[in-house]
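Chains as they are written, first to last, in my numbering: chain H, 107 to 397; chain L, 94 to 365; chain U, 44 to 319.
Hints are computed from structural coordinates only; laboratory data are not their basis. None of the values given here were measured: they were computed from a predicted structure. Be aware that one or more of the hints could be misleading.
[Said to hold, decoys possible] Examples of chain L residues toward chain U, derived with CB under 7 Å:
hint: 1; residue: 261
hint: 2; residue: 266
hint: 3; residue: 267
hint: 4; residue: 268
By construction, the Cβ of each residue, glycine as well, lies at the ideal position given by its N, Cα and C atoms.
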Amino acid sequence: MSASAGPEVAAQFSARERWLTEERAERLRSTSARITLIVILVALFLGGWEFLKWATDAPRTTLPHFHEVVDYLFSINSQGDVVWLAIGRNLRLTFIEALSGLSVAIVAGFAAGTLMALSRWTGRGIMPFVIGAQTVPIVAIAPALVIWLGTGWETKALIAGFLAFFPIAVTSARGIGDVSQDSLDLMASYGASRTEVFFKLRLPSALPYIFTGLEVAAAFSVIGAIVAELPVGSQEGIGVVILTSQQYFSLQPESLFAAIGGACLLGGAMVGMVRIIQIVVLRGHRAQELS
Amino acid sequence: MTTTDQALETSAEQPRLWGRHAGVVVPPFLVFVAAIGLWELIVEAFDIQRFLLPRPSEIASLFVEDFGRLIQQGRNTLGVAGRGLLLGGGIGIGLAAITFRTRWMAEGIGIYAAVLKAVPVISLAPLTVVWFGIEAGSKIATVSIATAPILFTYTLVGLRSADANAQELMRSYAAGHFRTFWNLHVPYALPFFFSGLKIAVTIAMIVAIISEYFGGSFENLGGYIRNEANNVHTVEVWTAIVMACLLGISQYMIVAGIDRYVLRWHPSKRGG
Amino acid sequence: MTTPDTSREAAASGAQTAIAFQGVRKEFGNGANATLAIESVDLDIAEREFVSLIGPSGCGKSTLLRLAADLIEPSGGSVLVNSKTPRQARLDRDYGFIFQAPTLFDWRTVWKNVALPLEIMKISGMSREKKEEEIERLLSMVGLDGFESHHPYQLSGGMQQRVSLARALVFRPSILLMDEPFGALDEITRDRMNLELHRIWEETNTTILFVTHSIPEAVLLSGRVVVMTARPGRVQEIIPIDLPYPRTTEVEESTRYYELVTQVRESLGTAMAGGL
Ligand SMILES: Nc1ncnc2c1ncn2[C@@H]1O[C@H](COP(=O)(O)OP(=O)(O)O)[C@@H](O)[C@H]1O
Ligand SMILES: [Mg+2]
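Required output: the full structure, derived from the provided sequences and hints.
So this is what it looks like as structure tokens:
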């Protein structure tokens, strides 16, 4: 580059540099704003909890104080375990069930979605059943599956996977099928093969869709795992803890709140995990819209 | 009359019209027949015990026999799902409509909605029983907790999707907030609302059945399933499953149909 | 060739001012992020005048228009529309705004799109029959008879923009603010729309402030062409267009027309050089 271009380039560069630091500052501002917002929201939640208790004068057996639930978490249960550790152990098992189910569902759902999108007749043939099967009450098939396959974690993973399959299949089908004719024509003009069209066009443009489905699937996998733990015969898992706490509710109401809190944390963790992966994978994509 | 209407009425287009409908009806039908046949064959070939997996023919005949009771139980479940959806939808849509202009408020509620979507709602079922009783109240509450955040998110994004120029146009007419809301934001929100509703009706049904499974009356699909499953009456359980699926599909199709009709002006809805 | 229309000249030079920009400045954002879009813009547009704004892209043409429309507020200086604040003018429905995109409501038919301002404004002293008559008249004026019950997606881009023109005219605003209204149309449609617009302007008492990036278009349509400099936008030069009315294809073939096009082009060249 010639010397005469120097100042201009320098000016551009400094402008760019300034822009970068400004953007970083902007991002920092918005991050700190977000954290403040979350702190406020948590405070509002706890305040709402205690206000509700105070306003309705609810007894401990309807709504304990928040600190009573926290105290309970650090107490020792009848088996001589520290409560939060015991809940953590059960959560770990449910987490494994949900995660295995979700993994299977991702593979199967993506494959089914791709098939539905790329083969019109398969798509038309299967789609109504995919929609219908979503409403199959898993509570109804869970007991049969438990009888069939035993009470091991694999059965529960299967049920979790069943529930997580549909959102992934539906969003994959939609994302992979929803490519503009212009883009397809462009690829055709380059003489791209079907494989290239898939990997260079369909898949990248489908990713934002698939991730919205994945988020739902992550939440569903936890629901599936918990429901699968409900039928008699299960010994472990957060679903069992919830069921037991429900039975002893009048004696120890805090235990149900603790168990539900644990389940909510698990759901949050699963969805949060997908969110983080999504942020990493979709860095270059535009913000995702819903419709 | 639109050009498409005219096109459909000319007789030359008749074969294509039939062809289009055939394309939608025939493949699912074939898949259905094949799946049922395969199921029957598998039960036959592997001699699977009845309490594990009954034959489709058995389920069908009991379904027909029990149809009256099943439809009654289905009605009760639908009632719970519908009322829960109405309550949850009302809350979600109402909050979206109130807050969509105020960024920080919408954002704050949005975080709660995101958390609620991640929460395994059925884990809340025992708690709603404590608060709202073992009968319909607790189930309606659980369904609304599950559906409110979905409709909130979709409606919010929809209300915010209104074209910037169109908003300026309304401003140039000195249109008030209320008029702008009805004439501009609501129509823009509709496609999103329907997308959300299609998801929410399905979820309402699932959650209603699961929460019925947690206790209360037997006079609904979830309660019936709980009772029959405990007695290992697998065929009975399957008739309830079939009823649940049929109701789920019809519900979805009704919403999809309304969606198509209401949004027939929408560029994405024209043609096939 | 017809002689210049003297009454029109008088209107342009004398009497009432429709839009007055005085020392107008507009800054977007604040602090280190601020962009100065326009600075010390002085411009008076008389009633019944047709003025074009032309300049390099990003020089603040839309900004000026939106200031007059009270869609944004100036950071300095003053804007008056019909001797009122832009806000009052907006509340009085003094102007119609036409965007580059047709901005039709997809869920309304052509007819109902044109009727929208009437519905919202509840114009008094105009009976229902009168309104319907007016919509019908406008639709046939923009050449859309028979398309009343079509939805926007059934129309071409040019037809859609004609609907938006009819919609802007239906409540008879005294001022039209047009932001590159035909910029997205093909040349043939654009020429037709330009002549139509010009005819409408001649037939009504409308003041038009017209943003364009086409030099021939600006010269053909306007009484004056305002050339703006690159960012921050200032008025570089105001070129009076002394072509005879009515402006027809005949005018487009005259030598004077070519001279004026060249003059605007050179002025624009200076404006762009100054900005770099
Ligand atoms: N809402 C806004 N926020 C920030 N900057 C803006 C905004 N609107 C316009 N600008 C900036 O102001 C300048 C003038 O814009 P505009 O009036 O749209 O230009 P023109 O219409 O002449 O192309 C541009 O540099 C643009 O980036
Ligand atoms: Mg512009």
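Structure-based check of all given hints:
The interface hint given for residue 261 of chain L is met, as the beta carbon of that residue sits about 5 Å from the closest beta carbon of chain U, less than 7 Å. Contact between residue 266 of chain L and chain U, as hinted, is supported at the beta carbon level, the nearest pair being about 5 Å apart and thus within 7 Å. Taking 7 Å as the C-beta cut-off, the interface hint given for residue 267 of chain L holds, the closest approach to chain U being about 5 Å. The beta carbon of residue 268 of chain L comes within 5 Å of a beta carbon in chain U, closer than 7 Å, and the hint placing it at the interface holds.
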